[in-house]
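*Asks:* Sequence:
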Amino acid sequence: MESNSSSNLTQNLKLSNKENDEADIISFRLLDLSDVDDFMEWFGDDNVSKFCSWDTFKSKEDAMSYVADVAIPHPWFRAICLNDKPVGTLSVSPFHGTDKCRGELGYVLASKYWGKGIATRAVKMAASAIFVEWPHLERLEAVVDVDNPGSQRVLEKAGFKKEGVLRKYYLLKGKPKDIVMFSLLSTDQQVTYFM
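Position 176, counted from 1, in the sequence shown is what UniProt numbering calls 176; the numbers after and before it change by one each time, with no gaps.
By construction, these hints were calculated from the structure, which means they are not laboratory data.
DSS-like cross-link-like pairs, simulated, lysine-lysine; straight-line CA separation at most 30 angstroms:
| no. | residue 1 | residue 2 |
| --- | --- | --- |
| 1 | Lys162 | Lys177 |
| 2 | Lys112 | Lys173 |
| 3 | Lys161 | Lys173 |
| 4 | Lys157 | Lys168 |
| 5 | Lys112 | Lys157 |
| 6 | Lys60 | Lys175 |
| 7 | Lys173 | Lys157 |
| 8 | Lys175 | Lys157 |
| 9 | Lys112 | Lys60 |
| 10 | Lys100 | Lys168 |
| 11 | Lys85 | Lys112 |
| 12 | Lys50 | Lys162 |
| 13 | Lys85 | Lys50 |
| 14 | Lys100 | Lys162 |
| 15 | Lys116 | Lys157 |
| 16 | Lys60 | Lys116 |
| 17 | Lys161 | Lys175 |
| 18 | Lys112 | Lys50 |
| 19 | Lys85 | Lys60 |
| 20 | Lys85 | Lys157 |
| 21 | Lys50 | Lys161 |
| 22 | Lys85 | Lys116 |
| 23 | Lys50 | Lys173 |
| 24 | Lys58 | Lys177 |
| 25 | Lys50 | Lys175 |
| 26 | Lys50 | Lys116 |
| 27 | Lys100 | Lys157 |
| 28 | Lys168 | Lys58 |
Whenever a hint applies, use it, and build me the whole structure from the sequences.
*Replies:* Set out below in structure tokens:
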């Protein structure tokens, strides 16, 4: 269950903008229906959905349904914002029962923001926040398609450990795919460093 303190844990980071000396600020916030146009920027992009389980959204109505039915009720689903503009999303999905000590991280970012360090910093911020908000969590894991080196680099730079390849682990667009399993533990040094 989400802690009421989650809104208090909104975190910011200044990234240098090479075009001018202003700073860009990365933050999280809850996604809402008014974000649907921004949301379509990444959920409507075939380059973004290429390695995701969902198909590219073709209509605003489908996007609004997703935000209303999936994102808003989700226990930890946040918009990744750059200077208060949503540019992607990040979620942590809890496991239940005897597996409740684990959570699965997922993230997407609009393709025009790739390669700027935004996803890496957002993953670091989420990891430090989720271990505080969910004190029962011991392990945060993420699965990445073997053919997606960019996302693998994001996790490695964020301090996640590569655990290995799981063969034909999930279906992607109807085809079995190999994935790379990554994890971060609540006791890992980089987690406590950001707290």
